[in-house]
Amino acid sequence: MTKLDQSARVPSSSVRSARSANNRRGARLLAQLGVMAAAIVVWWCGSISLPEGVMPSPVATFGTLAQLATTPPFWTAVGETVWTFLAALVICTVVGVPVGLAIGSSRIATQSTRLVFDFLRTIPPIAILPLVLLIFGPTFEMALVVVVLGAIWPILIQSVYAARQGEPLLQEMSRSFRIPPLWFVARVFLPGALPFIMTGLRVGTTICLLLTITAELLSGAPGVGSEIADAKNFLDTPRMYAYVLVSALLGLLVNGAFWAGQRRVLRWHPSNRQENAA
Amino acid sequence: MNAARKGWLSSVALELWLPVLLVVIWWVASSQSTSVYFPPLSSILASFAQDWLEPAALVKNLFPSIQILSIGYSLALVSGIVVGTVLGLVAPLERATRPLLETLRAIPGVALLPIFIVLFGIDVEMKVLLIAFGSFWPVLLNTIDGVRGIEPLLLDGARVFRYGRIRRLTAIVLPGASPQIFAGARTALAISLIIMVVAETVGGSGGIGYFLLAAQRNFAINAMWGAILALGIFGYLLNIIFRIVERRVLRWHRLQQARLESHS
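Line by line, the protein sequences give chains A and B.
Per this note's numbering, residue 1 is the first one in the first sequence, and the count goes up by one each step.
Per this note's numbering, residue 1001 is the first one in the second sequence, and the count goes up by one each step.
With the rest of the complex left out, here is chain B (with noise of 0.2 Å):
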């Protein structure tokens, strides 16, 4: 118990002190800063507490930007789910529209953004969209492969014990599946972050893009790099969110896992 212990905080210890070292050099490094682009840290931190970490600015700044996010993000995650196992599943339609689907995704997501802004206008619909179309791709596709990559006699045997066609999906499909999805969840979690920033700089609707594009206009620099902090911070809290939903998820699957190495 003791030694585990120990073994943690040295592991802790190990993890931290990077961190913790390369902040301090930071922070000394700057304090005497008078450069226009490298602000000391003290001022950048006292701009960051004020820009992020009061409600009201709070609100202004980062709620715009979540609000675009999840629900991009949610109906990337849904049609590229539901397309991608529709697509698995039925092999000559994907063999089909493998080009089409190849070349739409090879487009740069943020190069539509001047298209999406002629079609759907600056608003929030339009950036929902952006983000939809952009993160659609890795989940599109990691879903095809995860669905086909499942063992055909896994389906044999459900169709011996005469599983109904949902119960095949649900049992079956979609939890073989998963963890690729997930994988391509995380890569298009990556991508919505970058468009929900860039279509941001368009239209007046607040956002942390919009506050960086102010932050450049205004040659706020201290501003800016409080923006930059604050954007790693978020997109560093998804990761972990991320993290902790899949690991519930696919909690079996890690489990089982871990039985086939201590068997093997």
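With the rest of the complex left out, here is chain A (with noise of 0.2 Å):
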């Protein structure tokens, strides 16, 4: 354990070569696959020790997964998601973030909305969902309403904070240099309050894809959690485990694309700047 731990701090204090730290790339891309590769095998004798029937082969998970992608309804289910996952988060994104920059501009306004944001946002949105889908049926605007209604609190409630994070001083210097306030707003305060609204963003878009796909899980609503839910019913297993790893992959593709346009947005900020010099 001791000695484990000191191996892990090495990296912070010692000088490396070019050559070493190539070596150590490999080693950890080798490490990562041998974790996956045991997480497979672990899955693999989970499948063969139960009983026929229950976990699907990650053979046969595979399979049915590159079968399914040849054939048009997966992409449509796929579509349907990702159109879904989209539209709700643009409407978040654009409702959320200028109406949380105006609330958190005005103290008096924050503290006025301040109960009814927490109370909103404590409300777990699947309990909207059986009122939501007896007035809309199990359709994409359903689907849109109950996403959009879970996932706009924290980019709303993260972008009231972002208002009120402005530094004093930056504000009181561009008052003295007379800044027209339109540029203010587009200079200052906004990449000023950026930071913030992104963290937001970043919870917004993962409670996003996981309502839609909750949504279409429960309700029906056409997409990959309907799909899910139509495997589970003809109790085909593979193909159940073929679309849940599906919808692990959008996550990490969402994950993904989030990070690469956060390092875009805020290149010049120092968490990114650090990052880019380690």
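If you're looking for bench data, these hints aren't it; they were derived computationally from the structure.
The structure displayed is predicted, hence computed values, not measured ones.
Check each hint, because a few of them may be wrong.
[Said to hold, decoys possible] Partial pick of chain B residues on the chain A-facing surface, computed with a CB cut under 7 Å:
#1 E1015
#2 R1095
#3 L1193
#4 Q1216
C-beta atoms are modelled at their ideal positions from N, C-alpha and C, and glycine is treated no differently.
Join the two chains into one complex using the hints; note that each chain is given alone, in its own frame.
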């Protein structure tokens, strides 16, 4: 333990040459592949030891997935999920960020709305699903309403915080330099708020995807979620696992896209500069 | 003293006027409502009182939820903190397992419901495990980050003073990581609430989710609105409890922060 402990902290203090860095990267990749392979072996052992039909083997799952990927319905389902997710995320951002910033710019508005937002935020969005389902039926609109009502709060509340984080000194300086208000908003206020807005967007993005698939799964609105439910109804476990895997891949993709986007938008921010230097 | 009380009063008034206004608007606007989906608030409240304020109904509708939530959430907390601390301290292990963890974390917890049903049945164990699995990831990842973010100088110092392994853990690692652990635990709480409701729509063990489903099937709109209200209040209370615990445990942290700020 102590040994591992020390080796863990060596990189921070030692000067590393390019070659040893390369070696280390190779070893790391090897270890990562090893862990992945071990996980798949564990999965495989589980599928053998359990009664038939309970857990499909990795081979069966990936085989089914490869087969599904050649059929149009598969891509329709993925498209529906991605479309619902993107539409919901855009609505949440376009509404949540400006409203949040506007509220956060006024102390009175912030305090007045705090209890309301706190309360609405804690209602699990799934609670309104039955009601929305009765009104809209299992459709795209229904999923959209549920997802937006669930995912908008972290974005909005974080934007309220973001507006309040402005450095007072910068405000005073802008005033004494007579910087025009629009300039101030575009060059000082928004860049200062952006890191906090991004935090809200990151949480909101995750929740958007989670809720999209949840709403589809529970209501039968078309998409990956309803495909999982459908496979379960037919007790077609390989197809079920394949679609769960697809939902995980979507999650990875969304996370990756978000990090890449954030790095681009916040290029100037110290947290990124440090990362690039390391 | 007087001025302070006046300030306190006006800030309470500032926080309360909008919620009160919204409830009044809802009450007035819905009082003549004949819409099936948006019944008068008065009848929603009557149904709420019947389903959620009477002891017998409360035991039937809320206790099963509290039970699976508390067990599942505690499991996630304990395992997330333990595994996260180990991975946070042993960097090579953390690097090797990172892709696997990221993949598993990316699975939306609710999507696992069908798999868990096939594996574990439709009883309480399945629901507890699903909650635990879904809320495990934010605790785990935040614990890893928190442990890794500890000032190395502190650990070196502890070694100089010949702190034992356990003392290092309890005196430096866990307190140092606790603000981040709490951030993860807060996200986990919201996720576990969602999974709880979804898991309860399976099987007949009662609980808020089961109640919601039954109300939907019987087209009992008042009961449905009542349950939404109950769920909101339940979530709100949980958050308040969480905040109290957090404030208590992280008291040293806030004090330290305040001290630092007053110095700068």
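Violated hints, by number in ascending order, as checked against the structure: Structure breaks no hint.
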